[in-house]
Amino acid sequence: MISEIFSITFITGLIGATMRMATPIIFATLGEILTERSGVLNLGIEGTMLMGAMTGFLITLNSGSLLTGVIAAALVGMILSLLMAFLSVYLGLSQHVSGLGITLFSTGLAMFIYRLHFGSPIVPPTVEPFKQVAIPFLSKIPVLGPSLFTQYGLTYLSWLLIPVISVILYRTKLGLKIRTVGENPFAADTAGVNVNLTRTLSLAAGGALIGIGGAFLTLAHQNMFLIDVIGGRGWVSIAMVIFGNWDPLKGAIGAVIFGFLDGLQLRLQGLGIQVPFHVFLMIPYIITIIALVGVSRKATVPESLLKPYRREEKSG
Amino acid sequence: MIGLKIIKRKPLPRWAKIIIPLCAILATLILSAIPILIARGNLWKSYYYLFYGALGTRYNLLETFVKASPLIFTGLAVAFAFRAKFWNIGAEGQLLAGALMATWVGINFTGIPKFFLLPIVIISGFIAGGIWASIPAILKTKLKVDDVVSTLLLNYVMIHIMGTLLFGPLQQPGSSWPRSSGILEAARYPMLLARSRFHLGIPLAFLAVLIIWFINNKTIFGYQSKAVGVNIKAAHFGGINTTSVILKTALISGGLAGLAGVGELCAIHYHLLMDISPGYGYSGIVIAMLGNLHPIGVLFASFFFSIVLVGAHTMSRMTGVPTYIAEVIQGMALIIMLIFLLLTEYKIRVVRK
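Respectively, the protein sequence lines represent chains A and B.
Following our numbering from start to finish, the first sequence increments by one per residue and tops out at 316.
Following our numbering from start to finish, the second sequence increments by one per residue and tops out at 353.
Since the hints were made in silico from the structure, they are not lab data.
A couple of the hints might just be wrong.
Which residues of chain A face chain B? A partial, calculated answer using Cβ under 8 angstroms [to be verified]:
1. Leu87
2. Leu93
3. Gly108
Under the rule of at most 27 angstroms between Cα atoms (straight-line distance), these lysine-lysine pairs were calculated in the DSSO-like manner [stated by the list, open to error]:
4. Lys307/A with Lys218/B
5. Lys218/B with Lys85/B
6. Lys226/B with Lys307/A
7. Lys142/B with Lys298/A
8. Lys298/A with Lys177/A
9. Lys250/A with Lys142/B
10. Lys298/A with Lys233/B
Just so you know, even glycine gets a beta-carbon here, dropped at the ideal spot from N, CA and C.
Bound-form chain A, shown alone (with noise of 0.2 angstroms):
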């Protein structure tokens, strides 16, 4: 048993399944950044990749392209995320509710649009998913080579948009522009900067990319649809937001230290390990709480998330 935990072929097949379960969480946890960092908190989250999940699917199988399956996924995530901005920012509804309202419709949308579609098969449908990539040369070194440099595309481009947000967000104006919404949005407005429009764009981008990672839980991890295969994902994802202390890097740290527990769970079930694989699936759970439990009291919340902005009601 010991013996087979260190072999070089466990820890390959381990820091392969921490990466391919890491990316749906980096992907959400980047998105909500994005989105809290304007000074909305997204709970549509969950529902939303559920979307996501099931729209890139079902766009896969009647299409036969992966890629419009992802695309799709991406400008449903863009769509419930714009119903969050009318509701939130527009209208300024508590971000609480109308958040969980928009996972509610969604998970309800997600199994209805399913079910609808393709009824109650005794075995459920499958598409050919995405492959793994091997990276010419990296993918040669031994153990990291077969397991971080033979990754799907999609686990790519998740890594590629680390550098990319957390330089839009520090390093260009429009990234100054939604920090500033999401801190100040009075100085914002004062500055000439539409804060609205401003949460909006962040929220339809986010969005965006939170549906691109349920895509990957039915196009990469998984080849059908099953209606829990969110299983508390996109919830996980806000914990990594708090976690990473709303920076894109540390938030994916965080999305990879999850992955790697889920991953081991995978992978130490796979062993025929005599022990209840819900004690496995529990512990990631438990680990981002006791993660959060570490950071929650020197955690810098975006000074405005949560408030709606009202010109009107400086006060407020």
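Here the structure of chain A is known, so what remains is to put chain B in place on it, guided by the hints.
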């Protein structure tokens, strides 16, 4: 360009607070036509069977009461917590905690007459749910951990605790399914009306509505809990021990959700199952909002949802519209209610810029 302008309006009279949820329900039912039409269901037939399925026969009507019972409990649980701005999204996990505890008591406490065992089962389920809800409350008050996130994550922890036990020590001997042994006869809720599943949990839910109404309106704690919700800093400076108030609020909220689980176990399933709750905890959020966080409102909102959930089955059988329409309606109802609630405080003007 066209924009929206949101202007504060004068407070509306009391009757508006009753009219507005009704309008929201009406709007939801009208908008439900969209998914029905997408599913190529005949509109009138669909609406007819939605209501016939829930209210048309004696059995169906009583089933609507049966379904309303857990919804009232989770709706009250969420409403009571939200009123104090304790964002308890964890009613689902607390429900399961209650069901789990009731299972353990209901299997192991042999030789106790029903008259004594039932209160023990009910109270232990209440306590289990309350304790599960007090974890995020402690994390919130002592360690500043966001309650939305912790209550949500704890739902998944509880599902997996249940899974561990149902595939392990609690699994029915000889069963290959994740389900517990049946609970003792003495731990089962009595059925109150013949030829139906109208059980003890239904009057208990009505009783809970009354008790929560009493706590909210007639006790100092109810006042303090509301004060914390309106402005926690002001409540603190006003001499209220906010930590203790939030903790007590969480205990009661979680306990109520736990009772939903006890009812499902002791009156409907008798065995603990992985899918003992089809998301009653999440429905509780919608019900609480639709009921305007008021216990009487929760009661009516629960019946609305119960009608939708029970009726959706008949509608699905007769018209082919998937039963998940109930979940779609639920999500729509929450969003629509939010917009209608906004209209109680603000006017929306479309303006040209």
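Taking the hints in turn, this is what the structure says about them:
The closest approach between the C-beta of Leu87/A and any C-beta of chain B is roughly 7 angstroms, which is under the 8 angstroms cut-off, so the hint is satisfied. The restraint placing Leu93/A at the interface with chain B holds, with a minimum CB-CB distance near 5 angstroms, inside the 8 angstroms limit. For Gly108/A, the interface hint holds, since its Cβ comes within 8 angstroms of a Cβ in chain B; the closest pair sits about 3 angstroms apart. Straight-line distance between C-alpha atoms of Lys307/A and Lys218/B comes to about 32 angstroms, which puts the hinted pair past the 27 angstroms bound.
Note on Lys218/B and Lys85/B: the hinted pairing holds, with a Cα-Cα distance of about 20 angstroms set against a maximum of 27 angstroms. At most 27 angstroms may separate the alpha-carbon atoms for a hinted pair to count; Lys226/B and Lys307/A meet this at roughly 21 angstroms. For the given pair, Lys142/B sits about 13 angstroms from Lys298/A by alpha-carbon distance, which is consistent with the 27 angstroms threshold. Of the pairs offered as hints, the one joining Lys298/A and Lys177/A holds, with about 25 angstroms between alpha carbons and a cut-off of 27 angstroms not exceeded.
For the proposed pair Lys250/A and Lys142/B, the alpha carbon gap of about 25 angstroms is at most 27 angstroms, so the pair holds. A threshold of 27 angstroms between alpha carbons decides the hint, and for Lys298/A with Lys233/B the separation of about 20 angstroms falls inside it, so the pair holds.
In summary, the one numbered hint that this structure violates is 4.
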